[in-house]
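This is what each chain is made of:
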Amino acid sequence: DGGITQSPKYLFRKEGQNVTLSCEQNLNHDAMYWYRQDPGQGLRLIYYSQIVNDFQKGDIAEGYSVSREKKESFPLTVTSAQKNPTAFYLCASSDPGGGYNEQFFGPGTRLTVL
Amino acid sequence: AQSVTQLDSHVSVSEGTPVLLRCNYSSSYSPSLFWYVQHPNKGLQLLLKYTSAATLVKGINGFEAEFKKSETSFHLTKPSAHMSDAAEYFCVVRDYTGGFKTIFGAGTRLFVKA
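So the protein lines, in turn, are chains P and W. Mapping the first sequence onto this note's numbering, position 43 (from 1) lands on 43, and the numbers just tick up by one. Mapping the second sequence onto this note's numbering, position 51 (from 1) lands on 51, and the numbers just tick up by one.
Isolated chain P (complex conformation) (with noise of 0.2 Å):
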């Protein structure tokens, strides 16, 4: 089966904490894209990749980085600078197909600090 995966589903984290949440995709998609979901809220872009070893920041990237050192794989770290980790993270990719194409959604991770 083609999909998203992230893991874990569920993550606590102290306060000064770095962690690192996964995102892996076998759609053989050029595209991944970290969203952060808050209650009553869109979503919101944090970090993109259209290519391996390329990345750029999205609307909210303070307090997180990425690395995109594989095509299937785009993890997220939210570091002890990131003021309220709190909330629902979505990893999705996409095909760049002209740039029109949808994005598929991996099940997400949710994050409390602790």
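I should point out that these hints are in silico values taken from the structure, not numbers from a laboratory. On a predicted model such as this, the values are computed, not experimentally measured, just so you know. Glycine residues also receive a C-beta, built at the ideal position from the N, C-alpha and C atoms. Do not rely on the hints blindly, as some may be mistaken.
[What the hints assert, rightly or not] Residues from chain W that keep clear of chain P, each with C-beta distances beyond 12 Å, as calculated: (1) LEU20; (2) MET83; (3) VAL112.
[Said to hold, decoys possible] Lysine to aspartate or glutamate pairs mimicking EDC-like chemistry, simulated, CA-CA at most 20 Å apart: (4) LYS101(W) x ASP54(P); (5) LYS83(P) x GLU62(P); (6) LYS49(W) x ASP95(P); (7) LYS58(W) x GLU102(P); (8) LYS49(W) x GLU102(P); (9) LYS42(W) x ASP38(P).
[Stated by the list, open to error] Simulated coverage check for chain W against chain P, where a stretch passes if three residues somewhere in it have a Cβ under 8 Å from a Cβ of chain P: (10) 30 to 42; (11) 45 to 57; (12) 100 to 109.
Fit chain W to the given chain P structure using the hints.
Below, chain W alone, put in the same frame as chain P:
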């Protein structure tokens, strides 16, 4: 500038009655438009998309949407609601303005009463 407005934050219908979820957008180019559904603590699933072909788009689970350029609207409808339709729905526009950009609406929560 691109924007997406979902006109209702909550919609409540009775099972078996029609569903209407409203979405207006602004775009400076020829956009693609999408509707996604999200069940609690899950990722987003694509319901349907418009990419400049037929203006009436049919999607999964009996949903459809009509692209009306003159009204800049892309409302989502279903003739008869089912209990399993209770979820959050997102209207999304993807456009090209100096680079492809995806904008998510804030979401509409659909409640279905028995």
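Hint-by-hint comparison with the structure:
no., hint, result
1, LEU20, "20 Å, holds"
2, MET83, "22 Å, holds"
3, VAL112, "20 Å, holds"
4, LYS101(W) x ASP54(P), "17 Å, holds"
5, LYS83(P) x GLU62(P), "9 Å, holds"
6, LYS49(W) x ASP95(P), "15 Å, holds"
7, LYS58(W) x GLU102(P), "15 Å, holds"
8, LYS49(W) x GLU102(P), "8 Å, holds"
9, LYS42(W) x ASP38(P), "13 Å, holds"
10, 30 to 42, "holds (count 5)"
11, 45 to 57, "holds (count 4)"
12, 100 to 109, "holds (count 6)"
Consistency with the previously given hints is maintained throughout, with no hint failing.
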